[in-house]
Amino acid sequence: MAATVETIEQVEQLGTEKYKYGFVTDIESEMAPKGLSEEVIRFISAKKEEPEWMLEWRLKAYEHFKTMEEPDWAKVEYTPIDLSDIYYYAAPKVKEKLNSLDEVDPELLRTYEKLGIPLKEQEILAGVVAVDAVFDSVSVATTYRKKLAEYGVIFCSISEAIKEHPELVKKYLGSVVPYSDNYFATLNCAVFTDGSFVYIPKGVRCPMELSTYFRINAENTGQFERTLIIAEEGSYVSYLEGCTAPQRDENQLHAAVVELVAMKEAEIKYSTVQNWYPGDETGAGGIYNFVTKRGACRGDSSKISWTQVETGSAVTWKYPSCILQGDNSVGEFYSVAITNNAQQADTGTKMVHIGKNTKSTIISKGISAGKADNTYRGLVKVLPGAEGARNYTQCDSLLIGDQCGAHTVPYIESRNPSARIEHEATTSKISEDQLFYCAQRGLSEEDSVSIIVNGFCKEVMKELPMEFAVEAQKLIGISLEGSVG
Amino acid sequence: MALLEIKNLHASLEEEGKEILKGIDLVIQPGEVHAIMGPNGSGKSTLSYVLAGRDGYEVTEGEVTFGDKDLLELEANERANEGVFLAFQYPVEIPGVPGMTFLREALNSKRKYHGEEELDAMQFLKLVREKAKSLEMGDDMLKRAVNVGFSGGEKKRNEILQMAVLEPTLCVLDETDSGLDIDALKIVADGVNALRNENRGMLLITHYQRLLDYIQPDFVHVMAAGKIQRSGGKELALELEEKGYADFTGKAA
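Top to bottom, those sequences are chains X and S.
Position one of the first sequence corresponds to residue 1 (the numbering used here), numbered consecutively onward.
Position one of the second sequence corresponds to residue 1 (the numbering used here), numbered consecutively onward.
Warning: the hint list may mix true and false statements.
[Claimed, not checked] Label-pair ranges, simulated between beta-carbon atoms: (1) X:Pro-106 / S:Glu-75: 56 to 66 Å; (2) S:Asp-25 / X:Val-470: 45 to 55 Å; (3) S:Asp-139 / X:Lys-429: 23 to 33 Å; (4) S:Gln-29 / X:His-423: 56 to 66 Å; (5) S:Asp-140 / X:Ile-412: 35 to 45 Å; (6) S:Leu-127 / X:Pro-417: 33 to 43 Å; (7) X:Tyr-411 / S:Glu-19: 52 to 62 Å; (8) X:Glu-387 / S:Leu-127: 49 to 59 Å; (9) S:Asp-140 / X:Val-409: 54 to 64 Å.
[To be verified] Where chain S lies over chain X, by a calculated footprint (3+ residues, C-beta under 8 Å): (10) 144-158; (11) 432-446.
I should point out that these hints are in silico values taken from the structure, not numbers from a laboratory.
Note that beta-carbon positions come from the ideal geometry of N, C-alpha and C, so glycine has one too.
Turn these sequences into a full structure, and let the hints guide you.
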């Protein structure tokens, strides 16, 4: 079972109905018609000049999607999404055009200021100007790409990868998250517009942190982002996703898929700071973030580490997971999820122990304030062959105020008697004593909450790459503003 | 100008409406050290909380001026930044926050408040190490999370270190001697004595005379039933040690 390389072909054998096609799409038009249909998918694929196999895969996903129902097991409530009311192709571009920062929500600008984001960058984030109007972004991207190419590292958009490295994409796309995986992932398979592709060759330690930021300009990745990272034997890569400033976005539904593949002795470190627009105090207008992230430790002694700081979105539904196939492979999940006002987060991880002596660590810190709900949902599964598997889970919840909720839902399934699984959970509140102590030392209420919460999250924050950590710390303070008193 | 002037201060617990302070009058001049002694439940700690601006207490009558400021008009953190420091009887734990980080935030809050430039990590480190040395606190103690897993003595030393770094003009020490063995008491007292100067006023709140052997006050006040019952020099403390608080409470303390 260990180190099995599942390819798309194999996954297909899980059995889904063959789709029947017969549409012709007019590829002249700039925008796909509203709603989801085979025609729209053909349109997207044609627009992106994709090879036939890619289109077929998308359509197969779509056929499967039609048989699926939206899941309702998460502890989140939201107005149902009307899939027929979304532009699947042009949607990412229909950001409302603003002429100057004066037209931007002052709240948003205040946050940018606190984070110390330069004015030019504020304009991009708020959607006032296009990136290339500010930076010579093409050359930036090229510089990095050139340097990376010297090491044999491929870092490009997934659309480019489909065209330029079809053999890699074909081999690995859908091999960790199959097209039939779940409602939102399947939808993503059918209609994804872009995303990132990373390939680290054997024995290479990627010389820099790879960040979506470097190629912010490359494509407007929009709401159905697709990321694929492959680390060959003995390689290492650290990948940063996201942005510490809240992003104004007109797309309400975000259904991304991220797949990681680590071969023998390879290590992938994937860090996310998610700060999508959470909506107003009632949650209105906020983003629904329904993401499927999964990594496969295919090779022996491989390691995948997820670190996430989730502060944005109205609804978050996200479980970055590790499939520990290789013997002695290691999976880690470090998470901070903050919910304030009407935000809801149902997040956690799945650690599936398949190989021998596989190890996983889960550190989850949930912070709730306002009327928010925060749920940790995690699965630790040990299969019969996973001799000597070990897991350590620690779930801590911090409550601010008395109208919020914290919930912990751990699932443990062990089918090997030699497995050792530990689970610790705590729930605490920011005490009045702590706030007074901080105030008596001169700290404002905002700074007090920020420092206390950052202390609470320390074990996770220290996993973030340095340059990210500082901003993430500030972000934690900002997202909890007005939560006390 | 007096450093602190309390006039006819009445304060109640907000929730229960129960009056704890029933007309306190006290004047502290710059450079003076005052001790307030009294039995449990006399309102000593409440006085320190009301001065520091803790939530949950309502001032129903009276006034408090600090220098030329109306102290009661200020928020708790503003009072701190103006120079009021309370050394806690039970210093509070803040898990995950290194003592250094906490203290740097505190000092920089104060500096910002006064329009001064914030200190960077290196400048701050130098300052703290210097202050910590005399309190026999090493780097390891400064790196640990604020008060987490500290012994009673370590907690109190940490309070004095904070005081030394923040350089307040009014230090209120609430039962600083409680839970200290004699060696720890000496270190803490030395730390406090080193901070005495002609501009700084101190208010020591204590149950026992013992602390006053090490920190000699200029004035001693006996508080009972929410009022200052008697004031005098340091000999008053010795008298109390001998006779107890019975004269002031009508029963043996």
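(message) Check the structure against each numbered hint from earlier and tell me which ones fail, lowest number first.
(response) Per hint list: 1, 6, 9 and 10 violated.
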